[in-house]
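**Q** Taking the hints as your guide, dock the two standalone chains into a single complex.
Same order as they appear, the protein sequences are chains A and B.
Here the first sequence is numbered in my numbering, starting from 1 and rising by one per residue.
Here the second sequence is numbered in my numbering, starting from 1001 and rising by one per residue.
Please keep in mind that the hints were generated in silico from the structure rather than gathered at the bench.
Some hints here could point you the wrong way.
[Said to hold, decoys possible] Using 20 Å as the maximum straight-line C-alpha spacing, the simulated EDC-like pairs for lysine to aspartate or glutamate come out as follows:
| # | chain 1 | residue 1 | chain 2 | residue 2 |
| --- | --- | --- | --- | --- |
| 1 | B | K1043 | A | E430 |
| 2 | A | K418 | B | D1031 |
| 3 | B | K1043 | A | D340 |
| 4 | A | K418 | B | E1254 |
| 5 | A | K418 | B | E1199 |
| 6 | B | K1145 | B | E1244 |
| 7 | B | K1043 | B | E1084 |
| 8 | B | K1133 | B | E1084 |
| 9 | B | K1004 | A | E360 |
| 10 | B | K1198 | B | D1031 |
| 11 | B | K1143 | B | D1117 |
| 12 | B | K1183 | B | E1137 |
| 13 | B | K1043 | B | E1254 |
| 14 | A | K231 | A | E141 |
| 15 | B | K1198 | A | D429 |
| 16 | B | K1202 | A | E360 |
| 17 | B | K1198 | A | E411 |
| 18 | A | K24 | A | D39 |
| 19 | B | K1198 | A | E396 |
| 20 | B | K1167 | B | D1127 |
| 21 | B | K1183 | A | D340 |
| 22 | B | K1202 | A | E141 |
| 23 | A | K418 | B | E1032 |
| 24 | A | K264 | B | E1084 |
| 25 | B | K1004 | A | E248 |
| 26 | B | K1051 | B | D1173 |
| 27 | B | K1241 | B | E1214 |
| 28 | B | K1202 | A | D423 |
| 29 | B | K1205 | A | E360 |
Bear in mind that the values here come from a model prediction, so they are computed numbers and not experimental data.
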Amino acid sequence: MVAQIIFLLFTIAAIALFTFNFRKIIRNIRLGKSVDRNDQPIKRLMTMLRVAFGQSKMVIRPITAFLHFFVYIGFVIINIEVLEIMIDGIFGTHRIFHGLGGLYNFLIGSFEILAFTVWLACIIFLIRRNVLNIKRFKGVEMTSWPKSDANYILITEILLMTAFLLMNAADLKLQMLGVGHYVSAGAFPMSQYLINLLPSTENALIIIERSAWWFHIIGILAFLNYLPYSKHFHILFAFPNTYFSNLEPKGEFTNMASVTNEVKAMLDPSFVPAETEPGKFGAKDATDLSWVNLMSAYTCTECGRCTSVCPANITGKLLSPRKIMMDTRDRITEIGKNIDKHGEGHEDGKSLLDNYISREEIWACTSCNACVEACPINIDPLQIIMELRRFAVMEESQAPASINAMLGNIENNQAPWKYSPADRFNWADEK
Amino acid sequence: MEFKVPTMAELMAAGEEPEILFWVGCAGSYDERAQRITRDICKILHHVGVKYAVLGTEESCTGDPAKRAGNEFLFQMQAITNIEVLNGYNIKKIVTGCPHCFNTIKNEYPGLGGTYDVIHHTQLIQDLINEGKLKAEGGESFKGKKITYHDPCYLGRGNGIYEAPRKALEVLDAQLVEMKRCKSNGLCCGAGGAQMFKEPEKGNKDINIERIDEALETNPQVIASGCPFCMTMLSDGVKLKDKEQEVKVLDIAEITVRANGL
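Chain B on its own, in the form it takes in the complex (with noise of 0.2 Å):
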């Protein structure tokens, strides 16, 4: 990075507040092509110049996957250790990179004693556009390019959000395509309800080849997503059908970062 992630306990440390806080997720610190996209989020909240910080070391797993496996107790010892964490700081406003994280920490930590103004990525990108903070211009051209955008279930179907990650490709200029599958009936990548972390039960497909052999009907340059999950299934599934050269599985961020030259 060319410049410093600061975190919450340095900023602490010099009597600041941060505007915003945001939560990384699992996904986001540890997976390789997932860490490509909280860098390249991080560059864009460094471009635009919102005061923000991350958690670092301090962070924990939302317990999301614990609680969609069945297991309340997990999920609640995250949640309330978690919340205990952010209310300490004074949190009041997050974003986050992962829309498992984004439900989580949104529906299901205000029972629990934490409520926060959480946003997803897509959203605060659209939230720059319409403020004109971001412009795509200066980088990668997407003009006329095909992307179609496959909508992640705990951000479309699990919490309304379908215009956001759209509005930020619809600024590129480039020729959006819509699978048969989309929006309130897109389909799943197979990874939700922590299928990420087992194997799946017998069938006669995998359901993110399902899913690919769709979007690759639309012919598309570029298969776009807001999900660190979604993007592991989705390259995987690009990468077994032999189409790296010529099909990008790109993040939102990532697509915005690329556009703006960041």
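If we strip away everything but chain A, and leave its shape as in the complex, we get (with noise of 0.2 Å):
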């Protein structure tokens, strides 16, 4: 009874601290700029299924896609599990699900597989991250934090699949001696080899059959309070964020609706334009980006595909796309953090742009759309350069001269170069 209310209180402490962080996370990607992306459901839909759970843009790179797959789906299917332990821990019963007999057998059978792969791939993903010589794991942005964040999450799921099969190797030699309740249930091909090296007392393998139980509950309502201060939240947000994923072609840029009114009104004075709050061109700040990018930012698992295929970053330029979705989300989550403290409004005298970003990674962008490309959730950095870069030119008068005079030809000869308008047709005269 003491262990049930102590589990029941351990949960509901788990999931409200986590309802909290989270909402605080919603609320910071609500500071973001409205863009409608819900037309066309049914294509979204498909998009997310494919991309999302379908993993179709992770098996460009067939290793680490191969190693992801199996964590992806122990993590999908251990869920089931959970909901056997949540059960259990609440009601006080011992594997609750054990009456569905032969598919209980598969079900325990196949997690224990699914747990020693995803075991198995953490120790891979663990090995090329610190020993083998990877360049995508390296990279300017790739510091202390982002560094051990992903190594904290490795281990983690390490010592969570361990304790499972543990957990279940003892229960297994548990319903070999016929002890109590443990009564036989569940098929063990993984756990069955770990028996031998367990004691054969009752008493001390009951003790390591409840702490690896214990363990492994405790440690995955840490994990998920870990998700909100950690890249890991893609395991949530991967599927709204390809939900939400834009789906007109890549190189089709937004046409701002606000420099329409006034281009319109500019080229025929007639031309009454509809009523508009003002707001700034582009964006300074990381409320300046819509909502959307935003979430993104709390979604991208710093994984690096993008930066790895990003022309500027390849011939050693200062810009990773990478890095743009990290600041990102640093800079929004410490404007939350400013509104958590002050209020809202505070101004604390600092912005996406310059203290985070620099004028030299947003000129040195090509727009090729390699990183969009690459992003295995469809996260796109090149959107956010773009705004940066719309607000250094329209709001600025900031560009890097050459930029300026190329615009000045656009605007007094018609091409970006110096040329006659006259001279135009030219070509058509030579042989």
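**A** Here is the structure:
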């Protein structure tokens, strides 16, 4: 009974704390500008099923895709097992689903195999990150926290899977000894190999089984609460992020409606623009970006596939699309903290552009869309870069001198070069 | 040119309407190297007998570099003015010689009141090959030659057009060799996003050199592309590597014209 109460309190506390932090992130995302992403629901659903559920963009890199697939399936499937743990914990039962008989054996058996593959994949991931010299995991933005964040996640998953297999092994041994409520249930294709390592006394086995059970579930609840602070948030946000991702051709950039009104008024004096609230052009700070950009920032797993294909980054320039996403996340989190501390409207004198992302970074972008193509969960760093450029050019008139010259030429000569419009058709005269 | 390139104004004066407008673009109009591609596209249009016209001096920058540089004002000024001209001539179908013009007119003009059926010249060539109007015979033989194709970002990733340019190369019976980074994984030439008009940010290599190194790894006799900006970047790269004698950088339109002896 005491155990049940403790379990219930733990669970309630963990879920309450997670909800509290989760709502803060949703609040932060809502600080972004509105953008309509509720059109074409069928196409959006199919995109989500294909890209997030179907892992379609992971397969470009087969080795990681293979390893990630097991961790992903493990995560999805193991929720059924967590459901049993929850019911057992609250009602003081043991393996409540054992009545399912053969199906139960099949389920536990597959969980065991998946737990082992997750365990193995995480070990390989740890080696890839820390031993093998893989460029994708280096980079200027992969400093202390992002680096250790990844390792904490992998170590936690290894510990959780170890506890699960150990728990099953002890349970199996207790089942074989016919102890108390340890009814014969489940198949143990993996943990059966551990039973020889375990002690043979009943009490010791019960202690191991119970400790592993508690460690496993407290670990899961703790991990849940780690998510809002970690790049591992993608296990939740990958789904909405792909659902709300851009469905238009990648080359198509948004036409700013506020500009259309002004341009139409300029070209046609009789045009009366619709009343729109004044706002700035482009983005200086994270709150000037759309909520989709901000959600993507929380979704980013920092895998670096974007940066590894970025032509600017490949040739040693400062730009890293991954850093753009990480900076956006850091900045919007900071703005959120400011609101918590000082209330809304607090100015800390900082902004995404300059304090986080430098001009050198945004002007190095060729807008080639390689980063957008590479992202396994449809994040679009290019959109953020373009919004920052729009602010620099339209609000501040701060572009590199040669860019200003090019803009001047378009304005005066209707071409980016300084040629006379009268010469535009000369090409037809030559042989 | 051995024939006269018709303009919209002339056709209108004669009370005629063309089937298709050829949008030349700034590079195609002024850049000497790109002008040769422009003339070749006209040769193809003339050869197959499509009724076409150009805007001539009435054409203006689409606004693409302004938009990618972040100047939405200037972009929309250009776009809306161009749309007025295009709509004034009742244009329905447009072919472009530049993926940047193509992308902008196809994707960004509709929201501003200009909706047209827009194709890139490699798509036109693909259609003409399918219709049997272009055969890749009678001219220079590319048979067995090693050709590698560089995907322009705004044609490939930007709009998903990978097959049309390759189709034009396949009919040559040439040996098409793909670079390590091709199609959706293609590497930018370094000119997009208004980079063409500025010095690159500091790094340890120029992007076009990275690209040329990769292209040269395939030991090509021809590097093909379908964009005047890629043309500049790739040609510069080949020159810098001192490979001008062995490796030609050619647009799909130029290859088609040579193969058909136009």
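**Q** With reference to the structure, classify each hint as holding or not holding.
**A** Checked hints:
no.: 1; hint: B:K1043 with A:E430; result: holds, 13 Å
no.: 2; hint: A:K418 with B:D1031; result: holds, 11 Å
no.: 3; hint: B:K1043 with A:D340; result: violated, 67 Å
no.: 4; hint: A:K418 with B:E1254; result: violated, 27 Å
no.: 5; hint: A:K418 with B:E1199; result: holds, 17 Å
no.: 6; hint: B:K1145 with B:E1244; result: holds, 16 Å
no.: 7; hint: B:K1043 with B:E1084; result: violated, 28 Å
no.: 8; hint: B:K1133 with B:E1084; result: violated, 34 Å
no.: 9; hint: B:K1004 with A:E360; result: violated, 47 Å
no.: 10; hint: B:K1198 with B:D1031; result: holds, 17 Å
no.: 11; hint: B:K1143 with B:D1117; result: violated, 34 Å
no.: 12; hint: B:K1183 with B:E1137; result: violated, 27 Å
no.: 13; hint: B:K1043 with B:E1254; result: holds, 10 Å
no.: 14; hint: A:K231 with A:E141; result: holds, 13 Å
no.: 15; hint: B:K1198 with A:D429; result: violated, 30 Å
no.: 16; hint: B:K1202 with A:E360; result: holds, 9 Å
no.: 17; hint: B:K1198 with A:E411; result: holds, 17 Å
no.: 18; hint: A:K24 with A:D39; result: violated, 27 Å
no.: 19; hint: B:K1198 with A:E396; result: holds, 19 Å
no.: 20; hint: B:K1167 with B:D1127; result: holds, 10 Å
no.: 21; hint: B:K1183 with A:D340; result: violated, 47 Å
no.: 22; hint: B:K1202 with A:E141; result: holds, 18 Å
no.: 23; hint: A:K418 with B:E1032; result: holds, 14 Å
no.: 24; hint: A:K264 with B:E1084; result: holds, 12 Å
no.: 25; hint: B:K1004 with A:E248; result: violated, 39 Å
no.: 26; hint: B:K1051 with B:D1173; result: violated, 30 Å
no.: 27; hint: B:K1241 with B:E1214; result: holds, 12 Å
no.: 28; hint: B:K1202 with A:D423; result: violated, 35 Å
no.: 29; hint: B:K1205 with A:E360; result: holds, 16 Å
In terms of the numbered hints stated before, the structure departs from hints 3, 4, 7, 8, 9, 11, 12, 15, 18, 21, 25, 26 and 28, listed from lowest to highest.
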